[in-house]
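Each chain, written out:
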Amino acid sequence: MALSKPVRTVWDIPREEQFAPGHSMCQGCGAALVMRHLMKVAGKDAIVAMATGCVEVTTTLFPRTSWKNPWIHLAFENAGAVASGIEAALKALQRKGVVDSNRRIKVIAIAGDGGTFDIGLQSLSGMLERGHDVMYVVYDNEAYMNTGIQRSGATPLGAWTTTTPIGKRMRGEMRPKKDIIGIALAHRIPYIATANPAYPTDMIEKFRRALETRGPSLVHVFSPCTPGWRIKNEHTIEVSRLAVQTGMWVQLEIVNGKPRVTVKVPKRKHVRHYLKIQGRFRHLTEEEIEQIQRMVDQHVEEINRWVGEQAIGPVVE
Amino acid sequence: MAAVELKEKQEAKARQSRRIAAKGNHAAALAARDVDVDVAAIYPITPQVQIAEKIAELVANGELDAEVIHVESEHSAMSAVIAAAATGARVFTATSSQGLELMHEMLYIASGLRQPVVMALATRALSAPINIWNDYSDAMSMRDTGWIIIFSENVQEVYDNLIQAYYIAEHPDVLLPTVVTLDGYILSHTVEPLELIPRDEVLSYAVKRPRGYRPVLDPDKPMTFGPVGAPNWYYEIKIQQIMAMREAPRVIEEAAREFEKRFGRRYGFIEEYMMDDAEVAIVSLGATASLVKAAVNRLREEGVKAGMVKIRVYRPFPAEQIAKALENVAAVGVLDRAVAFGGPLEGPLFLDIASTLAVRGMVKPMASFIHGLGGRDIFVKEVVEMFKKLQELARSGRSETRTLFYGVKSRTKLN
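In order, the protein sequence lines correspond to chains A and B.
Going by our numbering, 145 is the number at position 145 of the first sequence; the sequence numbering is gapless.
Quick note: to get our numbering, add 1000 to the position in the second sequence (first position is 1).
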């Protein structure tokens, strides 16, 4: 069974590792941290269904594997459907007495932003709509990093990628990031959260609650990519924290449709701090940075209105 | 002696009582019920849709204790049943045409991961133009995907083949996905007599093996399925898949032998009709074979020594049996209801038959016939025409180097 008691301090984090070292993920990879902590919380009684992506190719190079749990990968676009199949099979086998019916085996689907926002959206939607007892984790590194930094539906406005290059006519990604939380919300699922490795206890507690949820849950995790974002290996946590402190990323938890900001930011930093640390935003002019600032201001206002309090404060330099 | 007779009489009566009238689609769903599937993924597509409906109905009535996943696409249907099979469940799904094409990517993954998925395929033409009627274009598109492919000629065969499919697919020496076809409309929507087998007898034949006989997703024995196979391993894994395909005929034969012993109906890799003294023969598949049989009957009345070979197990291809069946005929024709566009000849089954004979040094006049695409009716007289063509070829000793298209309105332009 997954971790049952709430995680308040680092001392509550299980010591047991279910995600083995020795994989080939990059130094400073955000997803590596996310997976390690996710699996600590999940414990032994969890089956992982993973979409094709960075984590899949770096942790399962045959004959090696980093997964101490039963783990399966079929393709890029179907983590939701694969998880649905596992969950349905467990249900049937438990009902028929083949698998111990008292044991709660949780199914976890893991996919990157491409496998969730874009190609995997249909299968995710099907899974959420049918109400499968599955926890869906999307690690969002904001582009197709596995194939070498191409834009996805999760790429933020202004970001450089190899398919949104900086030229005379194009200056990085032209559209804002897709609202995956809004999409999940529209499915009226019991648990939705956003998490960030810079706030590990918050992230782990959200994993725990998502695992405890009966029915579908979705945790959207911020996952910096050092080569893709053009950041130093040691800046992963710093950039993650800046994302929250600037309001670029809001730490949310939505239980049965009721939203709450779990990491409040009374004094917000200017987005400049978040953008300047990353090479993918190096080309932005002051004017463009201000445009992004205005977009974030508006988003923050919407969030505050939604949660019914001033969870994210004004920019104070 | 009297006791034996009485027993036989009783058995015949019991069998008679198990006869119902059923459409091919319903026969497929009833087979899924009788093997007690655990998980079925359903998604409607014409002409398979009644299978999905019947499965839902059987579950709703409590006749089948299965989890039904109302998937949002065939791609997800195949993904879900592969995953359910990997969790240790007995699984079933069904599709046709475009649905099979949407599954295509997953078909290779099912066989590559060695998951015993069983599927019914109501065969139908492929778009474009969109066409819901029967031909084998969809089935032919999956011939290289690593699936065992079994064709059915009538409704009874749909049911019997599906039950055998579970015996074969889940056998530890095979562990390959298996598809059973039923000709769209011709079998899927046609009511024929169907003799059911009591469920306990089906289950003692297609035994649900205990958990642990093959690796599954089990927290007590964690395993990684579907990892990255770099150049240093991929090839070896594919070789094992090829070995399983080569092992399959033994198990398919065993499944048929055991089936005959218990239920009295006999199935081979191929079916020969009037082949003992045949001079000309046509090879075909599925329900089309019935028509070829009718043509053979008509020709035999005229004194023509015609014969037919029906292929039941299309993959793995029963090359030995076919070569043996065709050994003594003077000319061979292959009737395809699909196209291998741009191939050396356009009939996909023809290419299989031609290479089967060629590598065995069996040089004889051959012809590739294509007919019935997109549900175009084939008539016995047209098949008779094909046989007449074969007689001509037998006399001249030459093969047709180009495919002959029958039943097409613009045929003259093609030849």
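Hints in this document: simulated from the structure, not taken from any laboratory.
Each hint should be verified, as a subset may be incorrect.
[Unchecked claim] Cross-link-like lysine-lysine pairs, in silico, DSSO-like; alpha carbons within 27 angstroms at most: (1) B:K1409 x B:K1388; (2) A:K232 x A:K276; (3) A:K68 x A:K91; (4) B:K1388 x A:K44; (5) B:K1409 x B:K1381; (6) B:K1381 x B:K1364; (7) A:K96 x A:K178; (8) A:K5 x A:K91; (9) A:K5 x B:K1221; (10) B:K1364 x B:K1305; (11) B:K1261 x B:K1238; (12) B:K1389 x B:K1305; (13) A:K276 x A:K258; (14) B:K1389 x A:K68; (15) A:K177 x A:K276; (16) B:K1409 x A:K96; (17) A:K44 x A:K5; (18) A:K91 x B:K1208; (19) A:K68 x B:K1221; (20) A:K91 x B:K1221; (21) A:K258 x A:K178; (22) B:K1221 x A:K96.
[Unchecked claim] Restraint ranges, calculated between C-beta atoms of paired labels, are given here: (23) B:P1129 x A:R294: 47 to 57 angstroms; (24) B:I1237 x A:T147: 20 to 30 angstroms; (25) A:G148 x B:G1342: 27 to 37 angstroms.
[To be verified] Listing some non-contacts, in silico: residues in chain A with all C-beta distances to chain B over 12 angstroms: (26) R130; (27) Q150; (28) E301.
We treat Cβ as the ideally placed atom computed from N, Cα and C, and that holds for glycine.
Ascending list of hint numbers which this structure does not respect: 4, 7, 11, 13, 14, 16, 26
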